[in-house]
Every structure is written in structure tokens, then in C-alpha cells.
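J.: What follows is each chain in one-letter form.
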Amino acid sequence: MALSKTAHIVTAYGEELDQLADELARMGGMVETQLETALAAIVRRDASLVAGVREREKQVNAMQDDVEKRVLRLFALRQPLATDLRMTISALKIASDLERVGDLAKNIAYRAEDLAEYAPLSLLDQVERLGAIVVKQLHEVLDALSSADVEPAIRVWRTDDEVDERYNALVRQMLMSMTEDPGQVEPGVHILFVAKNLERIGDHATNVAEAVHFMVTAGPLEADDAKS
Amino acid sequence: MTDTSDTTSIRDAVSRQLPRRYRAELRFRAAGLAAVASAVGILVILLISILSQGLPAFTVNQLVLPVHLDRSVVDPEGDASEASLRRGAYSRVLQDAIRAEFPEVTARRDLRNLFGLYTPLNATRLMDDVLADPSLVGETYTFRMPIADDLDLYLKGRLVEDRTLATSGLLTISADGDALALNSSAPDFASLVEDAVATMRAEATALDARAERARNLAAELEGSDAEDALYEAERLSAQAQALREELAENDGRIELNRDLPTILVELSGVAVRLTALDANGRSASGEAMLGDAADISGAADWTLYVIDTPESRRRVSDQAIVWTRALEARGLVRTDFNTYLFSNADSREPELAGVKGALFGSILTMLIVICLSVPVGVFTAIYLEEYAPKNRLTDLIEVNINNLAAVPSIVFGLLGLAVFINAFGLPRSAPLVGGLVLSLMTLPTVIIASRAALKAVPQSIRQAALAVGASKTQSVFHHVLPLAAPGILTGSIIGLAQALGETAPLLMIGMVAFIADAPTLGLEGLTQPATVMPVQVFLWSDGAERAFEARTAAAILVLLALMIGFNALAIYLRRRFERRW
Amino acid sequence: MPDNQSHILDQNAGFGETEPPIKVAARDVCVAYDGKQALNHVSIDIPDRSVTAFIGPSGCGKSTFLRCLNRMNDTIEGARVTGSLKIDGAEVNDKSIDPVVLRASVGMVFQKPNPFPKSIYDNVAYGPRIHGLALSRNDLDGIVESSLKKAGLWEEVADRLNDPGTSLSGGQQQRLVIARAIAINPEVILMDEPCSALDPIATAKIEELIDELRENYCIIIVTHSMQQAARVSQRTAFFHMGTLVEFGRTEDIFTNPRDPRTQDYITGRFG
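Chains as they are written, first to last, in my numbering: chain A, 377 to 604; chain B, 390 to 970; chain C, 39 to 309.
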């Protein structure tokens with residue numbers, strides 16, 4: 377997250393900003409693991425992983441609180457300006473997005489418990505692929521955050537369309553197989569929920585990408601940026 | 390843990406040092422207090438000594454004599470014109486007046502002594518009185534004149550040691566040839582006899598001691614020196630011997646001479662000086678000094694007046710003292726405030742000498758200094774401080790001004806002599822030249838003080854004025870100068886006070902001369918010869934008459950008062966114009 | 039260097055059509071004190087009826103540039119100003135322009151409140167008096183009252199106009215100085231760190247006053263407080279080592295400065 381090469385004159389101020397960035401990075405890592413675990417639970421039909429996901433969700437919530445407190449403190453005591461101002465503001469937004477991602481991962485994990493009761497579905501591999509893309513998105517955007525680099529952020533922003541397409545395709549196929557075989561309706565709904573949550577996580581990853589872009593360039597991430 | 394132990398050791402170290410630090414502080418404060426106290430002490434001693442010396446000069450004993458201004462004497466032409474009045478014989482008027490008091494004095498020598506009770510210069514004063522009021526001619530006029538300076542000192546008790554002895558016996562005086570024989574029914578003269586004998590014995594012993602020393606000296610010396618010393622010793626021994634013999638002679642009768650205290654017997658209107666004392670302490674011989682003493686018997690109301698300072702060792706004769714005491718007894722001597730000190734210029738006669746001339750000279754000189762050095766100095770300072778470009782020339786001028794302030798003042802006197810008097814041909818001894826010289830001397834002080842005052846005005850005031858569109862000159866005269874005014878005033882007045890007290894440069898331009906007339910307070914006074922206060926002090930301190938001692942101190946007091954006035958003015962002006970910023 | 043300057047001017051151009059007209063136009067202004075360069079080729083266009091803040095570390099030349107605008111540098115010996123500096127199109131450094139006339143239209147407020155040690159009334163009346171702006175005592179009273187009102191000080195001092203100006207509090211003194219400056223109805227008001235000696239409440243009052251005055255005057259303020267620049271100004275110029283590094287809208291400067299030097303200075307990273 378180092379946006380400037382030179383260190384702050386007030387060391388404590390610099391340290392606080394660094395700590396905020398570290399906290400955010402740890403939160404991102406936690407959420408990433410959460411999502412991976414939740415997906416593994418779905419794909420491997422392993423309900424035993426759910427407890428871990430739930431546990432992490434609580435930690436992520438606590439971390440979001442912590443980030444908010446740190447940002448508040450920085451505003452009140454340090455009045456950050458320019459890059460520091462943008463970084464703090466972005467941290468607030470990113471933390472809230474990450475918290476939502478954590479929530480959604482938890483929801484995915486809950487579906488694993490339900491899905492374990494049914495026979496494996498043929499569409500599961502598509503869910504897995506969608507999940508892989510979203511995980512990669514999340515990973516890249518967190519990389520972008522920690523390296524203060526707009527390139528991966530723009531890439532993530534661009535992959536959002538692909539996620540949407542895949543999600544729509546999956547929904548279509550699921551609906552088709554549900555009309556063909558009513559027995560698939562119940563597990564299908566669960567799968568649809570999982571897919572929907574993954575799509576939402578992709579949206580949040582895009583939000584984070586936009587926040588990172590704003591943090592680094594102070595400008596909004598727009599279509600022309602994406603094309604370049 | 391190490392931290393706390395470190396702290397304690399530091400604390401220990403500090404507290405170990407502490408008493409020493411406090412002692413050092415205490416020592417310093419004590420030294421400061423001592424310095425202040427000694428300064429104050431010296432000042433107080435100085436002031437007390439000047440006051441005690443000078444205060445008597447502020448009073449004067451005056452003879453208050455009724456003088457008859459006989460028309461034929463004071464108005465020889467008889468037309469009461471000023472020219473005629475000026476030719477009048479006023480000395481004779483005064484002489485007649487004093488002779489009327491002591492009709493028994495007839496011998497020419499005695500008369501000359503009698504007229505010595507006052508200075509003949511008083512005749513001029515009398516003439517001035519008559520000229521001021523010609524209607525006095527033909528009248529009897531009560532004229533006041535200061536008594537001769539030594540007698541004034543005598544009356545103030547500062548000239549001789551004297552005492553008055555009470556008597557208990559009845560006094561009988563009878564003629565004994567040329568002399569008078571005095572007899573008292575009680576041993577009233579006994580203590581005087583003892584005193585005289587003791588004095589003579591002491592004198593003889595002192596002579597013996599000196600003879601002894603001379604002999605010892607002779608033993609150490611050789612040749613003619615030893616002979617001289619031996620001769621001196623013999624002479625002293627002989628003197629001592631003569632004294633002792635005198636004591637032994639005449640049944641202890643002691644002849645009084647000019648080297649012994651004078652003893653006067655005084656009773657109403659009569660004064661007798663004793664010439665010899667009998668050993669019995671009851672009888673004595675004497676000579677009449679005042680009044681008819683030839684036939685007095687059984688007088689009870691008489692006193693012995695002893696002047697312990699022998700006649701040979703004082704400046705006034707017994708006779709003059711007798712006359713003065715008689716005049717005092719008759720109520721013809723009055724103690725007044727010494728207006729002569731302020732209304733007269735310098736005089737050879739201390740009783741008539743005053744500081745008016747010097748005071749006017751000082752005022753005129755200061756006027757020149759104020760008119761020259763203050764404006765020139767202040768404007769120079771303003772130019773140098775506010776306008777002059779900062780370059781080498783300005784630096785040079787600045788250094789020179791600072792150096793000028795350190796030049797000995799006598800050098801300015803030399804400059805004044807060479808330039809103003811020799812080159813420009815200005816009159817000597819004139820306040821104009823004195824003022825010019827003192828202005829030169831004061832200028833650096835005024836410039837330096839004014840510059841400092843201008844420098845002390847905060848730059849922000851100048852900027853404020855400039856920022857609202859004031860020109861440089863407006864900012865200086867509207868804002869900077871008023872703020873610097875108290876400092877400039879103080880500096881200027883300190884410079885003026887310095888000039889007021891300056892003597893040395895004025896000596897060079899002839900302001901040290903004896904000038905009997907005060908210069909007029911006006912333009913013409915600037916070129917009249919004058920002197921100034923400090924020079925007057927210097928002149929009087931050199932005066933031969935003892936009365937000048939007191940006048941010197943009195944003049945110093947006047948000068949001090951002038952200085953204090955100046956400083957008070959400075960403080961007042963400072964308070965008045967001081968503004969906060 | 040010239041490239042850099044044109045870039046800065048371009049930024050000005052992009053303010054949009056609602057921007058007020060340019061009041062002060064500087065081109066390649068250089069100042070040297072005794073041959074030592076204090077200001078290097080500064081070119082800037084300062085708009086009218088707005089507040090422009092100059093920020094930058096000490097000795098960066100911002101005050102020097104400010105002093106060029108009313109030729110206060112003339113009073114400093116050895117100062118040499120070159121380049122073109124125009125107020126309303128008139129060349130400030132022109133020989134035909136008398137600094138006294140210039141300063142009558144370019145008021146200045148200093149860091150330390152510096153009222154004259156005279157009464158409050160005389161402080162405000164001084165400028166109109168020396169410039170002969172008031173024909174009668176009534177005129178003068180009117181000018182004094184309206185100036186004090188504009189400076190937001192009238193309520194506080196109306197009943198003690200004859201008290202010395204120095205008896206006021208620091209903030210009141212500074213407002214008195216502002217009243218003194220606007221009494222001669224200047225077009226530009228320069229302020230050299232006007233609040234550095236004041237407490238936050240007095241500072242807030244001055245800032246409020248500056249905000250009100252901006253409707254009628256072109257105000258240029260030098261400040262060391264970034265927050266103050268951010269609060270009161272519409273445009274901010276960042277000076278560094280005698281050059282104008284960046285000039286733009288205040289919100290841009292404080293959220294997204296272009297130049298890394300500005301960035302580092304604003305975020306407190308200066309080496």
C-alpha cells in the first residue's frame with residue numbers, strides 16, 4: 377500500500393497508516409481463506425468445514441470493526457490529506473466490502489450442509505469453475521491493494537463481466553435441468569444460492585478494485601480505463 | 390529497574406550539588422546587595438556632606454542700618470538727576486551710619502577696622518536703591534547689607550571655638566592707669582586661670598619634646614647640620630624655659646597675649662578684653678573694647694565670653710567680634726535667606742557673590758545646545774536609521790559618530806577655540822561659543838540614543854504604515870518618530886545633562902573668567918561674557934576666602950537641583966509620551 | 039522549468055466558464071536578495087473575488103511573492119524583482135506606478151497583528167486620511183464604521199472607538215488591521231499568515247471574515263496551516279524552493295496533488 381516513497385515525518389502517524397494497511401491485508405487474507413474453504417465444502421461435499429468458516433466470519437467482523445475504529449481515529453487525530461486521505465477512505469470502503477464477502481462465504485458454507493444430503497449434481501463442476509474465477513478475482517484485487525497497483529485492479533474489474541456471464545449460463549442450465557427433473561429442484565435451489573453468492577462476491581471484488589483504483593489514482597474506474 | 394536506580398543516582402548527584410549552588414546564588418545576591426548598599430551609602434554621605442557644607446550659604450547675616458541720605462552727600466549737583474545721583478558719596482553715607490553706632494571710635498586705624506564690617510561694594514547697592522527710588526534722597530532709609538564674610542561665618546558659629554561662662558560674683562571695674570582693673574567678689578576667673586596655666590604648661594612640654602627630638606637628630610647628624618639642629622634645640626628649650634619662668638613670675642599672674650584664648654567681660658553696652666589674670670581668680674586687668682568701662686562697681690549682670698581660638702590664628706580681630714556682638718545685641722543684625730546667592734553674579738566678596746551669572750550662562754548655553762544638538766542629532770539619527778543606504782560610507786559615518794562620543798571633552802574645547810573663536814572670530818567667554826562646543830560634544834550622544842530608540846520601534850509598525858499606502862516619510866513621522874520619542878527625549882536629556890555638567894571644554898574657550906555681571910537672558914546675552922554653573926563651582930572652590938567653601942557647596946546644590954529638574958523633566962516626558970505597542 | 043510553468047498555467051485554464059476573471063497575472067517573476075535567488079520564474083493567474091492560498095515550507099518564496107504584489111520588496115535593501123506582474127492588466131513593477139498608489143489598492147495584513155499605537159478610530163481612519171478619501175469628518179466616520187462592520191468588529195468596539203487599538207485582544211487586533219486595510223477600499227488584500235498568532239476561535243472568526251470578504255475582494259493568503267488553506271481558499275498554490283510547484287483548485291490539491299513534492303508536503307512527508 378506504499379503510495380509514497382518517502383516516510384512520514386511523524387513516525388507514529390506513518391505507523392498507524394501502515395497498521396491500517398496491514399489489518400486490511402490480514403482481513404483480505406482471512407476472507408480469501410474463508411471463501412476457499414466454503415467452496416471446498418461445496419465441491420467436496422464436506423460439511424465438517426462449515427464450522428471453520430463460521431468461526432472466521434466472526435473474526436472478519438471483528439476486524440472490520442477494528443478497521444473502522446482505526447479510520448475514525450486517523451480522521452480525528454491526524455487529518456489525513458491527499459494520498460493518506462484517499463487511502464483511509466478506501467480502507468473504510470474495502471473493509472465493508474470484505475466483510476460482506478465474508479458474510480457471503482459463510483452463506484455458501486451453510487449450503488454445503490444442505491447439499492451434502494443430496495446426490496452430487498452434474499452442474500457442480502461449473503459452480504467450481506465460477507468459484508475459482510471469483511477466488512482469483514479476490515486474490516488479484518487483494519494483491520492490487522497490497523501493492524497499490526492499478527493494473528490487477530483493472531483486470532479484476534474487467535473479469536466481472538465474465539463472472540456475470542458464467543453465472544447467467546449456470547442459472548439457465550440449472551433451470552433447464554430442474555424442469556427436466558423435478559427431483560433436482562431442491563438441491564438446485566441450493567446451487568442457485570451458491571452461484572448467486574459467488575456472483576455477489578465478484579461484485580464486491582469489483583468494488584474493492586474500484587476503491588483501490590481511487591486510492592491510487594484519485595479517479596473513478598471507468599470504461600475507458602478498462603479498455604486501456 | 391536500571392532506570393529507577395539511574396534516576397536515584399542522578400537525584401543524589403543533583404542534591405549533592407544543591408547546597409553549593411544555593412551558596413553560590415546566595416553569595417552573588419549578597420555581593421549585589423552589598424554593591425547597591427555601598428553605592429547608596431556613598432551617595433548619602435556625599436549628599437550629607439554637600440548639604441551640611443552648603444546649607445549655611447543659603448542664609449546670610451545682614452546689617453540693618455538706618456542710613457541718612459543727606460541731600461548734599463548723595464546729590465552733589467542738587468538737581469536729583471541720575472548723573473548727579475550717580476556721583477553721590479554713598480560710601481560716606483554707609484560710613485556715617487556705622488560710625489553713628491560706635492561714636493567712641495575715632496582713631497583712623499580703628500575706623501578702618503570698623504568699615505571692614507561690610508564690603509565697600511555695598512555702596513553701589515545703596516546707589517542702585519537710590520537710583521531706583523530718588524524720593525529717598527534726604528530721608529533716613531533702612532538699608533540692609535550683608536556683613537563681611539568672615540563675620541558672617543563667625544555669626545554662624547563656623548569660624549571660631551567660643552563659649553560663654555556664667556559668673557556669680559559682683560564685678561567692679563576701676564581705672565588703673567591706661568588699663569582697667571577688674572575685681573569680682575567671687576573667684577569667677579579661677580577656671581580661666583587654670584585653663585591658661587594648663588595651656589602654657591602643655592605648650593612648654595610640647596616645646597621640650599620638640600627640643601628633645603632636635604637633640605636626638607643632632608646626635609645622628611654631622612657637621613653644620615648637627616650644629617643647626619643643636620641650635621634649634623637650644624632655642625626651643627629656651628622658649629620652654631621662658632614660659633615656665635613666666636608662670637612662676639608675678640605670683641602666678643598670667644599675661645594674656647594673642648596666642649592665648651581671648652577673654653571678654655561683657656555687660657550691658659560694655660566689653661572689656663582681659664590682658665592679665667591674677668592667680669587668685671578674683672581679679673584681672675583689661676582694656677576697654679566697647680563703651681565706657683572706667684567706673685563700674687558691683688555689677689551683677691555680667692558674663693565671661695571666651696574665644697578659644699587665639700586671635701593670632703583667626704581672620705577676624707577681637708575688636709571686630711566685639712562690634713559684631715554689640716550690633717547683634719542691639720538688634721541690628723538679621724539672619725535672612727541669602728537672596729544675593731541668586732540675584733547676584735560672581736563677586737570677589739563672598740557675601741555678595743551669587744550664581745545668577747552662571748545660572749543665566751548655563752541657561753543660555755543650554756538653549757544653544759537644545760536648539761542645535763537635538764534637532765540636528767534627531768534628524769541625523771532618522772536619516773541614518775531610516776533612509777541611508779547601507780554601504781561603506783554609512784558604516785564609516787556610524788563608526789565615527791560612535792568614536793566621537795568617546796572623545797575627551799577637552800578636545801571639543803580646543804576645537805571650539807580654534808574654529809569658533811580663532812577662525813570665525815566669535816567672542817570669547819560667550820554662551821554662544823560654549824553652546825556650540827557643547828552641542829558638538831552632545832551630538833553623538835543624541836544621535837546614538839535616538840538611533841537606538843528608532844531601532845527599538847518594531848518593524849511591523851513601519852510595514853503597517855507602508856501597507857496602507859503611507860510614504861516612507863509619512864510612516865517615519867506619523868508612526869516611528871512618535872513611538873521613538875520617549876527614548877529620543879531621554880537620550881537627548883541625558884546628553885543635555887552631561888553638557889550642563891561639563892567644565893573642561895569651556896575652560897578652553899574662556900568661560901572660566903571672572904565675570905561680575907550676569908548676561909541678559911535674551912539674544913544679546915548669547916555674545917556677552919558669561920560663565921556656567923560647573924565652572925562657577927570650579928572657580929569658587931579655588932576662592933581664598935573661607936566663605937567661598939560654603940558657596941561652592943551651595944552652587945553644587947543648585948547645579949544638582951538643576952540636574953534633578955532636568956531628569957525629572959525627562960521622566961515626566963517619558964511617561965507622558967510613552968505608548969505601548 | 040518553463041515547461042513546468044506552462045503546465046501550471048494550463049491547470050488554471052481548466053477551471054470552467056463560471057470562473058471569475060483573472061485579477062493578478064504573473065509571468066516569469068524572479069526575486070533575488072543580494073544576488074541570492076529567492077523566487078524563480080513564477081507564473082500564475084490569480085482570479086478575482088476568491089481566496090487563493092499560498093502554501094509551502096518556510097523560505098519557499100511564498101511570502102516573497104506576496105510582497106511582490108504590493109512592492110513591499112522595495113523596502114528591503116538589495117531586493118531585485120524581474121518579470122511581469124500585472125494587476126488588472128497594469129504592470130506593478132512599472133516605473134510609472136508609484137508604490138504608494140499601488141499599496142493603496144493592494145492592502146496587506148501581517149502575521150503579527152500590528153495596529154498603530156493609536157485609537158481604534160485613528161487606526162482605521164489613517165489610510166483614508168493620508169489618501170484624502172474623506173471630505174469631511176462625517177465621511178470619515180462613515181468609512182470607519184463601514185470598514186469596522188465589514189471586518190466584523192463594529193459590534194465589539196462601537197462604544198470604545200477612542201480606546202487604543204493595542205488594548206484589543208489578538209484576534210480583534212487582527213480584524214482591526216483588516217478593517218484598516220479595507221478602509222481604503224483596496225482591490226487585492228494580501229494576508230501573510232494572518233492567524234499564526236491567534237487561538238482557534240479567533241482564527242475561526244478571521245476565516246469567516248475572509249470568506250465574507252471574498253465576495254468583493256481578491257484575497258491572497260499565505261499560510262502554514264494546510265487545514266486553514268483548505269478551509270478558506272478556493273485555489274491553492276504550492277511553492278517549494280523558490281518555484282511554484284503546483285497551482286489548482288484547493289480540493290484537488292488536497293485530495294489529489296499532481297506533483298510528488300506537493301503530495302509529500304501535504305501529507306507531511308517532507309524530507
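Simulated from the structure, these hints should not be mistaken for lab results.
For each residue, glycine too, the CB sits at the ideal point set by N, CA and C.
Just so you know, not all the hints are guaranteed correct.
[Claimed, not checked] If you want a taste of the chain C side facing chain B, the calculated C-beta under 7 Å gives, among others:
# : residue
1 : I114
2 : E115
3 : R118
4 : R141
5 : M146
6 : F154
7 : G165
J.: So, for every hint listed, does it hold in this structure?
T.: For each hint, the structure was consulted:
1. Of the supplied interface hints, the one on C:I114 is violated, with its beta-carbon coming no nearer than about 11 Å to a beta-carbon of chain B, more than 7 Å.
2. At a threshold of 7 Å, the smallest CB-CB gap from C:E115 to chain B is about 6 Å, leaving the interface hint in force.
3. Given hint, C:R118 at the interface with chain B, is violated; its Cβ is 15 Å from that chain's nearest Cβ, farther than 7 Å.
4. A distance limit of 7 Å between C-beta atoms decides the matter here; for C:R141 the minimum to chain B is near 4 Å, and the interface restraint holds.
5. Look at C:M146: its Cβ gets to within about 4 Å of chain B, closer than 7 Å, so that hint holds up.
6. Satisfaction of the interface hint for C:F154 is found here, the shortest Cβ-Cβ separation to chain B being roughly 6 Å, below the 7 Å cut-off.
7. Here the hint on C:G165 is kept, as its CB sits about 4 Å from the closest CB of chain B, short of 7 Å.
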